[in-house]
Amino acid sequence: MEWDWNFVREIMPTLIEGVKITVLATILGSALAAVVGLAIALLRRSFNRLVSRPVGFFAEFIRGTPLLVQLYFIFYILPDFGILLPPLLAGVIGLGLHYGTYTAEVYRAGIDNVPRGQWEAAKACNLDARQTWMHIILPQAIPPMIPALANYFIAMFKETPLLSAITVLELMNQAKSVANTYYRYIEPMTLVGAFFLVISLFSVVLLRWLERRFGRVES
Amino acid sequence: MIDWSGYVGLMLQGALVTIELTLMGSVLALFMAFVAGLGRLSRFFAVRALATAYIEFFRGTSIFVQLFWAYFVLPFLGIELTPLQAGVLALGLNVGAYGAEVVRGAVQSIGKEQYEACVALNLGRWQGMRHVILPQAFLLMLPTFGNNAIELLKATSIVSLISLADLTFQAQVVRAQTGNTLVPFSAILIGYFALALVISWGVRSLERRLARGIDGVRV
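Chains as they are written, first to last, in this note's numbering: chain A, 320 to 538; chain B, 3 to 221.
Rather than coming from a laboratory, the hints here were simulated on the basis of the structure. Please note that a few of the clues may not be correct.
Unchecked claim - Listed below are the simulated SDA-like cross-link pairs for lysine to any residue, each with C-alpha atoms no more than 20 angstroms apart in a straight line:
no.	chain 1	residue 1	chain 2	residue 2
1	A	K495	A	F366
2	A	K442	A	E329
3	A	K339	A	E321
4	A	K495	A	R364
5	A	K442	A	E424
6	A	K495	B	L43
7	A	K442	A	R364
8	A	K339	A	I485
9	B	K114	B	L136
10	A	K339	A	L488
11	A	K495	B	W71
12	A	K495	B	F78
13	A	K495	B	P77
14	A	K339	A	D323
15	A	K339	A	H454
16	A	K495	B	I164
17	A	K339	B	G62
18	A	K495	B	L136
19	B	K114	B	L95
20	A	K442	A	F366
21	B	K114	B	G62
22	A	K495	B	K114
23	A	K495	B	F74
24	A	K495	B	L79
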């Protein structure tokens, strides 16, 4: 079977449509993962065991099970309980929750890296818990962890093809439908790979820049 | 009321396929990790370039795309793979690329004095690697390898999409036959989590075993 450039030109617009959805899902998923991760990291630090233990177990459980199964769970089981989600939203929630448990570890490390003196100084200045977090701890903890967070967001980007399993029309699904229509697999599948490789390589350049810009830990 | 007894056997068969895939994929991944990881440290530019290309390619494209490529595109190039072979190949090569960076990092983190000691003892490059550097570096690699193995376990769920009858696939079958979604999907979530726990327990005990007699390593 020969590589056919005309066919490539023909299917390009369809694939571009898919890329848009893929990128959209990644961005929304990353935003959700950033928030969920912070929430999990903070709740796991809670002094109330009834909060920290279940949250910790929940995070471990999500991290130990496949994203695909979680997506099925959200998409096929929640409707039984009367929660009917559109595919893209279900996918974004799945991605966000799954990667939130990973980013939680990044937040934890970042928060642990803030020197004790900062906590003591906040106490000495009579700041309450909310003020301490908002004005002292998080502004120092977050910049050094930006590269690690970005790393996970790139990993998430590469997992978005899983959304095709719950009928989201992203890049992989578009490629599959094109391939099934014309029964040509070489071009669509290779192009999907090429798209991912190109976007990933660009992201790596961006990541290196982020590392230079934020990665330094002053000590 | 649904009679679950027949379905339990089906799910166990699926679990067996998942375990089989995980083991075979891990073996291939471990092999590739050492080949590519040490290849990146080679004296020869061609070997370094080849190893780097392999690592960047397999880390840069989604495992999902690689699997579909192996299963749908390779037949057109004259290489016919069974779903199991395609699954093991894609999983092993993908996770191996991540493992290669772990190998490289661990080998590079071994102190300069160890290399100097190898020279002082008149060990060849290979002898030094085999008897001095790798035994120490392997211990550093183990925890990350454990994480990679769990990633591989979770990634096996996507082979269900190329019609390989693993745990996730069987859950779909049970779902289609019984119309019940909650029970099979909850069951496999717990199944995957249990397998992940087994892996992390196994790696931790292996770590303790290997750490005996090597000082300066806390376990």
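Which hint numbers doesn't this structure obey? 1, 2, 3, 4, 5, 6, 14, 15, 18, 19, 21, 22
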